[in-house]
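**Student:** Here's the letter readout for the chains.
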Amino acid sequence: MIHIVDYGIGNLRSAEKALQHSGVNARLVDDPRELASATAVVLPGVGSYGTCIAALDASGWREPILEVLGAGVPFLGICVGFQMLFEGSEESPDARGLGVVRGQVRKLEGAPKLPHIQWNRLDIERSSRLFPVDLDEQWMYFVHSYAAPVTAETVATATYGSTFSAAIERDNIMGVQFHPEKSGSQGLAMLARFAAMTGEI
Amino acid sequence: MQVVRVIPCLDVTDGRVVKGVQFVDLIDAGDPVELARRYAAEGADEITFLDITASSDGRSTMVDVVRRCAEEVFVPLTVGGGVRSVEDARLLLRAGAEKVGINSAAVNDPSLITAIADEFGCQCVVVAIDVRRSAQGYEVYTHGGRSATGLDALRWVEEVCDRGAGELLVTSMDRDGTREGYDLALLRAVSDISSVPLIASGGVGGLDDLVRGVSEGHADAVLAASIFHLQEATIQEAKDQLAKAGLKVRPPSASK
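Line by line, the protein sequences give chains A and B. Read in order, the letters of the first sequence are residues 1 to 201 in our numbering. Read in order, the letters of the second sequence are residues 1 to 256 in our numbering.
Errors might be hidden in some of the hints.
What the hints assert, rightly or not - Estimated spans, in silico, between C-beta atoms of each pair:
{"id": "1", "chain 1": "A", "residue 1": "D171", "chain 2": "B", "residue 2": "G137", "range": "57 to 65 Å"}
{"id": "2", "chain 1": "B", "residue 1": "G246", "chain 2": "A", "residue 2": "D30", "range": "47 to 55 Å"}
{"id": "3", "chain 1": "B", "residue 1": "Q136", "chain 2": "A", "residue 2": "D123", "range": "33 to 41 Å"}
{"id": "4", "chain 1": "A", "residue 1": "E109", "chain 2": "B", "residue 2": "G246", "range": "22 to 30 Å"}
{"id": "5", "chain 1": "B", "residue 1": "G137", "chain 2": "A", "residue 2": "G8", "range": "39 to 47 Å"}
{"id": "6", "chain 1": "A", "residue 1": "K107", "chain 2": "B", "residue 2": "G137", "range": "56 to 64 Å"}
It should be emphasised that the hints constitute simulated quantities derived from the structure, not laboratory data. All of these numbers come straight from a predicted model, not from anything done at the bench. Yeah, the Cβ is synthetic: ideal placement off N, Cα and C, and Gly gets one too.
Put together the whole structure using the sequences plus the hints.
**Tutor:** See below:
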């Protein structure tokens with residue numbers, strides 16, 4: 001069972017429906033103690049970095065999340081859920097990220113207008129489980145003003161004013177800046193590839 | 001890379017699409033979810049529902065439409081019309097909408113923009129602005145273009161950006177329904193002073209109007225209703241036309 005972390009932020013229904021549409025067992029989980037039984041974890045997030053971190057900490061999610069990240073459970077952060085994997089963000093300097101990926105999230109530089117609200121093409125940097133190299137051109141839906149740097153974990157980038165991390169993957173730790181749950185058939189296909197890592201489908 | 005979005009707009013009342021929908025091969029020609037699914041499959045980059053219901057019964061029906069849509073249509077969904085409070089926005093976002101459009105209520109109480117942005121993030125706040133030309137310039141209208149506000153449209157644009165709008169949806173009431181094309185001078189004036197993306201609306205009569213909305217109006221996304229509903233053009237043809245003009249679009253093949 002894939003657990004979608006429900007920490008009181010935004011619209012999580014889309015993520016749940018998209019995973020279920022891909023034929024995956026997924027449900028929202030609002031009790032951090034249940035996380036230990038997850039075969040995979042999805043961490044969504046919308047709004048500001050600081051608001052998301054505060055909500056995560058207020059409901060006691062930080063430790064259980066760090067435990068599953070350390071235990072090798074497939075983990076996918078989406079949008080701010082992806083950004084929270086990094087150490088922190090210029091958007092909310094006082095908020096402490098989960099810090100499992102090195103680097104700071106910064107405001108998108110050189111962007112004509114913000115937020116970056118549009119579909120954008122991914123540039124696949126290297127083959128990964130989320131994005132094997134033999135895929136067709138990938139287009140995903142982005143909504144954000146802050147972006148994560150390109151790091152050793154980056155498997156796909158996108159460019160809007162400047163080039164940023166669109167997807168990262170390091171062992172069980174994965175994250176995407178775009179919204180796969182709103183990216184049509186290609187987004188659903190990526191979620192299905194993630195779900196396949198549980199071995200349940 | 002800037003990528004132009006093509007957005008079909010559906011007017012919905014009491015759970016049914018109204019105004020000039022001519023799809024013949026749909027089981028239920030007036031079902032918004034059916035239409036949204038069709039447009040998404042054709043490559044629509046987002047879907048916008050405009051709720052033109054006045055009754056509270058119709059309002060809860062709209063929430064149900066959004067919920068059904070979010071179960072099977074996996075592209076972003078915006079719902080505008082009748083959003084008057086943070087609670088209205090919460091209901092629609094919870095049901096599965098990505099963004100809410102606010103119009104008259106924002107003019108009546110501009111702090112609503114900030115209140116929704118603070119609660120759910122600015123990315124979900126689309127401020128819709130209906131504009132008519134006046135002797136002095138451009139004036140903001142509310143209530144579907146019936147009520148003059150005395151507000152200068154360009155000053156209003158600056159204010160809503162400051163207050164936390166994530167996007168602007170600008171409709172020329174002079175052009176709406178005329179099929180004479182977008183009001184390009186209006187769009188350009190708005191786009192050039194706005195810090196957030198601009199969706200062009202009102203007056204599309206053909207695919208060249210979409211191209212001009214971007215190339216001359218400097219819009220970031222193009223919204224249209226009739227040309228799609230009346231099957232004068234498909235979403236794919238709209239994108240082909242934009243691409244032929246040298247503008248970047250998500251290729252329809254990516255939505256297959």
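**Student:** State the violated hints by number, sorted upward, taking the hints as numbered earlier in the document.
**Tutor:** 3 and 6
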